[in-house]
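Visitor: Residues per chain are reported as follows:
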Amino acid sequence: MIQRGHHDMGGQPAGKVEPTEHDYPEWERRVDAMVQLLRGGGRITVDELRKNIEALPPDAYDKLSYYEKWISSLTQTLIQRGLITTEELGRKMQEVEQRKR
Amino acid sequence: MSDRGTYQPFTYYQLMETSLRELLVEKGLVTDEQVNAEVAAMRARQPERGARVVAKAWIDDAFRQRLLKNGTAACEELGLEIPALRLVVVENTPQVHNAIVCTLCSCYPRVLLGIPPDWYKSRNYRSRMVREPRAVLAEFGLRIPEAVQIRVHDSTADMRYLVLPMRPQGTEGWDEARLAGIVTRDSMIGVAVPTIG
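Chains as they are written, first to last, in this note's numbering: chain L, 1 to 101; chain E, 1001 to 1197.
Hint data in this document are derived by calculation from the structure and do not stem from the laboratory. A portion of the hints provided could be inaccurate.
[What the hints assert, rightly or not] Some chain E residues judged to face chain L by a derived CB distance under 7 Å, without partners named: (1) V1030; (2) Y1125; (3) S1127; (4) V1130.
[To be verified] Pairwise CB distance ranges (calculated): (5) T1011/E with T20/L: 17 to 27 Å; (6) Q80/L with D1032/E: 20 to 30 Å; (7) R1131/E with E97/L: 38 to 48 Å.
A quick note: this is a predicted structure, and the numbers were derived from the prediction, not measured. Don't be surprised by glycine CBs; every beta carbon is placed ideally from N, CA and C.
Chain L on its own, in the form it takes in the complex:
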């Protein structure tokens, strides 16, 4: 039998629904914008993004906020597509972090 994915939660027991909201900060909106632009330009597809969110380890899936999952998945998708490399991103993250200090 195929095991149900961690993201496939319909019908599972769960707690009370808390109708929480927060105003999406700029960085979250920019993640969304990058996704829309790259999708619109045909560089990536919604299914790749979905697959990479679903591939997150269960504890990360539960712990990460929505756009934290998106940026993780977007990065992974772009690496898989060969549009960026892990090394390039690593270098850039180091550079940005030092600049911010």
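Given chain L, put chain E in place with the hints provided.
Guide: Just chain E now, with coordinates in the frame of chain L:
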């Protein structure tokens, strides 16, 4: 990570966002102007757009029928583009109350409603809505009479649902703009109903 409601000045994921964006700009895959324009367009997509669709359907029966037949095409009539998505509009009646969930993720007609709220993407809503919708709706303060059937629609990445709520009694003679004013985001996914006063 322990406090997800507060955003620290620069978290690991924010660092990732800034770095990825700069990398994509350097590679010529996106420009800062495009990103800023997309963010601005996102801010313009608010539930008022969906409310316009609902109000129009309440006062124009021919439009209502077109909307129920082909949601995407009917929205385009109002200048609301729904790119590459099939929009299915489901109508509440005295016998049937509709509600929407995306059990697998977060698929929601954001062109009409804006970015979905956090709870819509939460484990609790996604898990329980398909099994015990009446109980979940009651937690939202919406008590659906036992005689009314509840129909829950589960979205996918390629198609979205919008609930066409019932026009409340006491709104006879109201114009479209006034009607649109009582149509809330939550009423268009079926966890609330429009009310007056």
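Visitor: Could one say that the CB atoms of T1011/E and T20/L fall in the range 17 to 27 Å?
Guide: Given about 19 Å between the Cβ atoms, the range holds.
Visitor: When the nearest CB of chain L is found for S1127/E, is that gap smaller than 7 Å?
Guide: With Cβ-Cβ at 4 Å, under 7 Å, it holds.
Visitor: Hold the hint about V1030/E up to the distance rule: shortest CB distance to chain L must be less than 7 Å.
Guide: Since the shortest Cβ distance to chain L is 5 Å, the answer is holds.
Visitor: Using the beta carbons of R1131/E and E97/L, state whether their distance is inside 38 to 48 Å or not.
Guide: Holds, since R1131/E and E97/L (Cβ atoms, about 45 Å apart) stay within the stated range.
Visitor: Against chain L, is Y1125/E within 7 Å by beta-carbon distance?
Guide: holds (5 Å)
Visitor: Mind checking the CB of V1130/E against every CB in chain L and telling me if the closest is under 7 Å?
Guide: holds (5 Å)
Visitor: Taking the CB of Q80/L and the CB of D1032/E, does the distance hold inside 20 to 30 Å?
Guide: holds (25 Å)
Of the hints listed earlier, there is not a single one the structure fails to meet.
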